[in-house]
Amino acid sequence: MTAALPDAADRLDFPHRHLLGIEDLSRDDITLLLDLSDSYADGNRSAWRKLDLLRGHTVINLFFEESTRTRTSFELAAKRLGGDVINIAVQHSAIKKGETLIDTAMTLNAMHADALVVRHPQAGAVHLLAEKVNCSVVNAGDGSHEHPTQALLDALTIRRHKKRLEGLEVAICGDIAHSRVARSNIYLLQAMGARVRVIAPPTLLPPAIDRLGVEVFTDMRAGLAGVDIVMMLRLQRERMQGTYVPSVREYFRYWGLDYEKLAYAKPDALIMHPGPMNRGVEIDTAVADDIDRSLIREQVEMGVAVRMACLDVLTRHAGHRAN
Amino acid sequence: MTGRIAYFNARLVDPASGFDAAATPSAGLLTEGEAIVAVGPELFAGGTPSDATAIDCGGAVLAPGLVDMRVQLRDPGEEHKEDIASASRAAAAGGVTSMVALPNTDPAIDDEAVVEFIARRAREVKLVKVYCYAAITRGCRGEELTEMGLLREAGVLGFTDGVRALADARTMQRALQYTRILGAPLIQHPEEPSLAASGVMHGGELSTRLGLPGISRATEILMLDRDLTLVDMTGGRYHAAHVSTAPGLDRIRRAKAQGLAVTCDTAPPYFALNELAVSHYRTFAKLSPPLRTEDDRRAVIAALADGTIDAIASDHAPQDQESKRQPFEVAEPGAVGLETLLPVTLELVHNGYLTMCEALALLTVRPADLLGLRAGRLVADAPADLVIFDPDRPGRIEPDNFRSKSKNSPFDGRLVQGKVLRTVVDGRPVYIAGA
Chain A
3 MTAALPDAAD
13 RLDFPHRHLL
23 GIEDLSRDDI
33 TLLLDLSDSY
43 ADGNRSAWRK
53 LDLLRGHTVI
63 NLFFEESTRT
73 RTSFELAAKR
83 LGGDVINIAV
93 QHSAIKKGET
103 LIDTAMTLNA
113 MHADALVVRH
123 PQAGAVHLLA
133 EKVNCSVVNA
143 GDGSHEHPTQ
153 ALLDALTIRR
163 HKKRLEGLEV
173 AICGDIAHSR
183 VARSNIYLLQ
193 AMGARVRVIA
203 PPTLLPPAID
213 RLGVEVFTDM
223 RAGLAGVDIV
233 MMLRLQRERM
243 QGTYVPSVRE
253 YFRYWGLDYE
263 KLAYAKPDAL
273 IMHPGPMNRG
283 VEIDTAVADD
293 IDRSLIREQV
303 EMGVAVRMAC
313 LDVLTRHAGH
323 RAN
Chain B
209 MTGRIAYFNA
219 RLVDPASGFD
229 AAATPSAGLL
239 TEGEAIVAVG
249 PELFAGGTPS
259 DATAIDCGGA
269 VLAPGLVDMR
279 VQLRDPGEEH
289 KEDIASASRA
299 AAAGGVTSMV
309 ALPNTDPAID
319 DEAVVEFIAR
329 RAREVKLVKV
339 YCYAAITRGC
349 RGEELTEMGL
359 LREAGVLGFT
369 DGVRALADAR
379 TMQRALQYTR
389 ILGAPLIQHP
399 EEPSLAASGV
409 MHGGELSTRL
419 GLPGISRATE
429 ILMLDRDLTL
439 VDMTGGRYHA
449 AHVSTAPGLD
459 RIRRAKAQGL
469 AVTCDTAPPY
479 FALNELAVSH
489 YRTFAKLSPP
499 LRTEDDRRAV
509 IAALADGTID
519 AIASDHAPQD
529 QESKRQPFEV
539 AEPGAVGLET
549 LLPVTLELVH
559 NGYLTMCEAL
569 ALLTVRPADL
579 LGLRAGRLVA
589 DAPADLVIFD
599 PDRPGRIEPD
609 NFRSKSKNSP
619 FDGRLVQGKV
629 LRTVVDGRPV
639 YIAGA
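Chains as they are written, first to last, in this note's numbering: chain A, 3 to 325; chain B, 209 to 643.
Just so you know, these hints were derived from the structure itself, not from any lab.
Computed from a predicted structure; not experimentally measured.
Take these hints with a grain of salt, some might be off.
Unchecked claim - Residues on chain B that point at chain A, a partial pick, calculated with CB under 7 angstroms:
no., residue
1, G411
2, G412
3, E413
4, T416
5, G419
6, G422
7, Y489
8, P535
9, F536
10, E537
Just so you know, even glycine gets a beta-carbon here, dropped at the ideal spot from N, CA and C.
Starting from the given sequences, assemble the full structure and let the hints guide the process.
Right under this line is the structure:
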């Protein structure tokens, strides 16, 4: 069984205690995680399914924000590594005082968890927790800041199809301003040598986004011209009714991905979406379900492999494990 | 009671007259009771008077006590963060002899009873002089005007809604018109609230990287443009607190050149720090207005040097640990400042941006004159409100040693030069270093 285990992490140690954001990672760190994830992805498709790397170890999923898919993905990843998983969902109404956050950290310390997976609606909240707990912390999304495992699974998915990241043209489209997925992907793709464009209505572009080294477009057709990868972002419902954009109808008309706009990208361009999708808002149903173009289902699959790799290296680094 | 006290061997600095001469044994100042009797470089040429208690200043600066025109006391209402006694001790330790409280307490300073309460507490504490502003609108809610005339009679020095901008243009216009008969300034937190909305830091590359909602420069520019238009129309007297942007300072500069009755202040974080202080979600550097870019910081220094900015205030905003140890978006804004006001301001002198006289004028006579206070001057018959400090003594800012109940300083660990040795209010020592 261990024969299927990749040795990448043995050759190159992961020099971080936590995984809080892609911005903190080097190209080597990212390559290490992607290589290891790749092996886990193969393993997940093959006969062996359950490992014992995390046997006797506890992973706590601490979610201050609703997320079935990310939480499930982490849970499955930890269980496939043989770990015990505890899910804690904190109601939004209970967070109104940050006392709760610090108190939560203290409570978790008393439980002697080995890894903590945290999602929080506020940017930086995961950093705050990481300062207070004595185990490794994985950021599963903090406000509009970062979502590192999403960027890693996106990169893994792309790499498995295009055999590289270097030199690819990637367009990230939609609500860039509020997207942690966009930020993590920008950092990761650029670190790996891809070129990133962002395409959004002007109201959904954050200030000075060009300073992150991306090319900025407000027109989908111009922005999609010649790209290899089209990443669509979810538009939150509360932002589409006359606040940031006038209406769903208008948004779909100008920024929704349909075949007509997709035609401007390279003929073999692939489509991604971090989910959950708003069909008919940011993406046309036919495009989303196009098995030749859409990687959306595979992203979910890669998510488990990436989270296995992250939990693996972080617990290994923290010295929790014998091997 | 206090008799006569002779402060000798001092470097006398009187920013009002521009006097600053190297210390000599004969240079000094004589007080009797609550007042200054005489001052001069040769005052003690024949030795100190035999009937006076002699205090050797050891060559340190002897200057008017600092006048801090923007302080939040948190009393009444949030005494766990600060109260009049703890703020007074902090002020005394910081060389501040007069401070002016914002009205955003609970209850707000919007009627005479609260003004009386503060005056009574200050008398009981009896350390530094505590003045206050009254709210422009009841409860600082931005709606109905307070009884401004009666409040002025009760002794308030000006009117402001504190940390909230007075957003309604018609209310601002009426307040500017009405205060013309009161001889007191209207003090605005210049930030257009609908544009600042949920912003928590300066809007730019760093806010985009941190994923935090930003507050653009336009929030300040818009409010200043609107207010200055109303000032021009009404002839009112207007003071913009903590102007933080280069374009905002340009608006003030132009308004002054145009002859409008406009003044403004800043606080040490705005000339000593920039937005990078909030990197890694450091909530102790979360301020309102937010710390801005390096260009803005330099513009603040330029505006201090050219006289556009009239005063440096501490902008003392105590917050307890529970209010700051929070995710950045929900952490309370503000920093304590009473005990760091002088040493951080002295950086401007050490770095050659201001002379000692200019720096001290911004901390003493200019805010005193702006508010009509008898303070800030080393002249005979003036109240004996003094500070003695060594401008060169090195030290490290250590919030744990603050007298303030709250320790939320963005200057934690900063190396500074300048140490208050003694603070005197109405002839009484209210702080003696090491005592």
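Okay, the hints, checked on the actual structure:
Below 7 angstroms, beta-carbon pairs count as interface contacts, and G411 of chain B has one with chain A at about 5 angstroms; its hint therefore holds. A hinted interface residue such as G412 of chain B counts as satisfied when its beta carbon comes closer than 7 angstroms to some beta carbon of chain A; here the least separation is about 5 angstroms, so the hint holds. Interface hint at E413 of chain B: satisfied, since its Cβ lies 4 angstroms from the closest Cβ of chain A, which is below the 7 angstroms cut-off. A distance limit of 7 angstroms between C-beta atoms decides the matter here; for T416 of chain B the minimum to chain A is near 4 angstroms, and the interface restraint holds.
Hint on G419 of chain B holds. Least Cβ distance to chain A is approximately 3 angstroms, under the 7 angstroms limit. Because the beta carbon of G422 of chain B sits about 5 angstroms from the nearest beta carbon in chain A, less than 7 angstroms, this interface hint is met. A distance limit of 7 angstroms between C-beta atoms decides the matter here; for Y489 of chain B the minimum to chain A is near 3 angstroms, and the interface restraint holds. Because the beta carbon of P535 of chain B sits about 4 angstroms from the nearest beta carbon in chain A, less than 7 angstroms, this interface hint is met.
Proximity of F536 of chain B to chain A holds as hinted, the smallest CB-CB distance being about 5 angstroms (cut-off 7 angstroms). Interface restraint check for E537 of chain B: the shortest CB-CB distance to chain A comes to about 5 angstroms, inside 7 angstroms, so the restraint holds.
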